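Given the structure of chain A, go ahead and fit chain B onto it with the hints provided.
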Amino acid sequence: MDETNIQYNTTEKLQAFFKENMAVLTSDDPPHLAQLRKQAYAHFIEHGFPHTRLEKWRNTDLSQILDHDFNFPLKPTVLDVDIDDVFRCEVPDFNTRLIPQMNGWFMGTGEEMANGVIISSMAEAIKKYPELIEKHFGYYADIKDENLTALNTAFFRDGVFIYVPDNIRVEQPMQMVDLVNSGTTIFIQVRNLIVLGKNSSLSLVQCDDSIDNNIGFNNTVTEVYMDENSTLDHYKLQNKNNESALTNSTYFHLEKGANLSTSAISLNGGLIRNETQVRLNGSLSHADVLGLYLMDHEQHIDNQVFIDHAAPHCTSNELFKGILDDHASGVFNGHILVRPDAQQTNAYQNNKNILISDKAVIDTKPFLEIYADDVKCSHGATVGQLDEDARFYLQSRGIGHDNAQMLLMYAFAADIVDKIAIPQLRNRIDDLVKKRLRGELSSCEQCVLHCNSKEQKVAFEIDMSRI
Amino acid sequence: MLSIKNLRASIDGKEILKGVNLEVRAGEVHAIMGPNGTGKSTLASVIVGRDIFEVEEGEILFKGKNLIGMPVDERANEGIFLGFQYPVEIPGVSMTNFMRTAINEQRKYRGLDPMPAQEFLNSMEEKKRLLEIHAKLANRSVNEGFSGGEKKKNEIFQMAMLNPELAILDETDSGLDIDALKIVAHGVNTLRRPDNAFIVITHYQRLLEYIVPDFVHVLFDGRIVRSGGKELAFELEDKGYEWIKEAQV
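Protein chains in written order, with my numbering: chain A, 1 to 467; chain B, 1 to 249.
Treat the hints as calculated values from the structure; they're not laboratory data.
According to the in silico footprint, chain B covers these stretches of chain A (three or more CB under 8 angstroms from chain B):
{"no.": "1", "stretch": "387-399"}
{"no.": "2", "stretch": "402-412"}
Okay, derived cross-link-like pairs now, SDA-like style, lysine to any residue, Cα gap no bigger than 20 angstroms in a straight line:
{"no.": "3", "chain 1": "A", "residue 1": "Lys-352", "chain 2": "B", "residue 2": "Glu-89"}
{"no.": "4", "chain 1": "A", "residue 1": "Lys-352", "chain 2": "B", "residue 2": "Pro-91"}
{"no.": "5", "chain 1": "A", "residue 1": "Lys-419", "chain 2": "B", "residue 2": "Arg-140"}
{"no.": "6", "chain 1": "A", "residue 1": "Lys-435", "chain 2": "B", "residue 2": "Gly-92"}
{"no.": "7", "chain 1": "B", "residue 1": "Lys-151", "chain 2": "A", "residue 2": "Glu-388"}
{"no.": "8", "chain 1": "B", "residue 1": "Lys-108", "chain 2": "A", "residue 2": "Asp-402"}
{"no.": "9", "chain 1": "B", "residue 1": "Lys-108", "chain 2": "A", "residue 2": "Arg-438"}
{"no.": "10", "chain 1": "B", "residue 1": "Lys-108", "chain 2": "A", "residue 2": "Gln-405"}
{"no.": "11", "chain 1": "B", "residue 1": "Lys-136", "chain 2": "A", "residue 2": "Asp-418"}
{"no.": "12", "chain 1": "A", "residue 1": "Lys-352", "chain 2": "B", "residue 2": "Gly-92"}
Bear in mind the structure is a predicted one, so any value in this text is a computation, not a measurement.
Yeah, the Cβ is synthetic: ideal placement off N, Cα and C, and Gly gets one too.
The following block holds chain A by itself, in its conformation from the complex (with noise of 0.2 angstroms):
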């Protein structure tokens, strides 16, 4: 395959930055991260960015982003505004342990829990607590599977470390609230890392918004542990706007018997890549993979998943269902890998898309590879518009055309909302998704989980709640 490292300004500025500041960027760094950190970035300088010439980029092309005479923040912003007040969440009895992290920066405070549970800046974890980072730091995350992460590893600052206990169950759900606002042109790499003890269990909500209007790239890259017979319920949301781009890699890793469900549910961006890689590694682990993308004017949404079965008696389930209207573009590959090893797996991967106008575009593509015989795996993607006879029969009840149309799209996502556990956040997403597809859902007003404005009781013209 053609690897021609294509050389954006972009990366000769990030090679002048890490000759000048690798003092400063490996300064904490422990010798396995320091070495993992050089490696890292010797990847990323030999393949640069990742180009629409490589297979899994075909379709979602960089360069525009790329052009921008970015900035590479060493230090967290310092930002005249109330971070109390910009974190503020307003989701209606959504009781949450709110872990603010601006640019990336965790901006809150840390806590080890009496029960053990430890929340903490990555920077101060590192040194913290070594023998978890030398653990796990890395292991799930490869350098040379893709080299968005290889760049993260090489430049990360910050970002959030979450650890469980063996035995633990969190009752009340954790909220990471990523925002951006620099006020200037910004290029971040935040670097997360979530462990999960054995028979413990988390609920996590990990959000990316934009609270100003410049353009920004965020790379983040998460890796998340979870030993034999943890939960993990995950939910990623993304609000953010049309000037960012957001490359989001997630790492899951499973121990026997864990239990992981996670939702990329994707409202607004101008570019958006959630890479989601699940490694079904101990047998009778389970993974649900879902996501949501609601796309206009020239949004791009890529979801790229790969459900790697490599044990015995494990199930994978993916749903992706997605909304693209006027010029929005959406990629979907879905990658299961069944390895020799992993007989009675269970597999099940679907992708519906709605395509609104006749300018939006979706590549959805399944890809099954499957080396082991006693497997059960389906896969089927749909494009299609919405349908004209339920349209008729909603119209001819006395419902506008509009609404009839808004009513077949929530209904449509609907689908991806309802499987959501936690009530509340059922409840608050919902009303984004409708909001969203009324066009009332503004990226810096009204993002997902921070509310600068008060938030307005939007009278909507057809009551769409369920009575």
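Same frame as chain A, now just chain B:
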């Protein structure tokens, strides 16, 4: 209430209705009968505004307003209802949500405030009893997983909820067993009032034993070729449609 004059309509260039004339006044029940493929369903579709049909000539007036060119939803808001021959399944839209939206849009069109939730729920319960619908509609998507009979009952349920001035029932009897047919007919008869009207399209005379029409029309080859009282239905039952066809030759 409804006045159709010399209506000609076609689909894909093929003329289906070849000059239909029909007058329906408030308080009346009209039955339209005829062999398959003579334009009965097309007539229903054209009245409610299905845009796959092209109106070539003629006029349709409803309460004095010209319907031709009026959007589908506006015709519904004016008080026209179609009970579908083949009701559409809409996964993800709950019956409750659907009905509430429809009712409130119709109320808005008439300058009324949305129906209060309690009034709406009471109305739902009352109409469910009328149609002997036992399912919990709040959690069920529109027609999804409904049996043929349930779908038809659901059409009449919607009619009862929306309370139209003119209801057109397109082969509501097809696919119904005798018990369901009685329930549907009872529903329709309960809703008959001096200020509303029904057009019942049917292939068989059976339904008309339960919903007794004031007028019966026979549609053949895109035209109404015979009109009469309810006795015409019995005559058709005896002699079959061949009699009409022969009379046309």
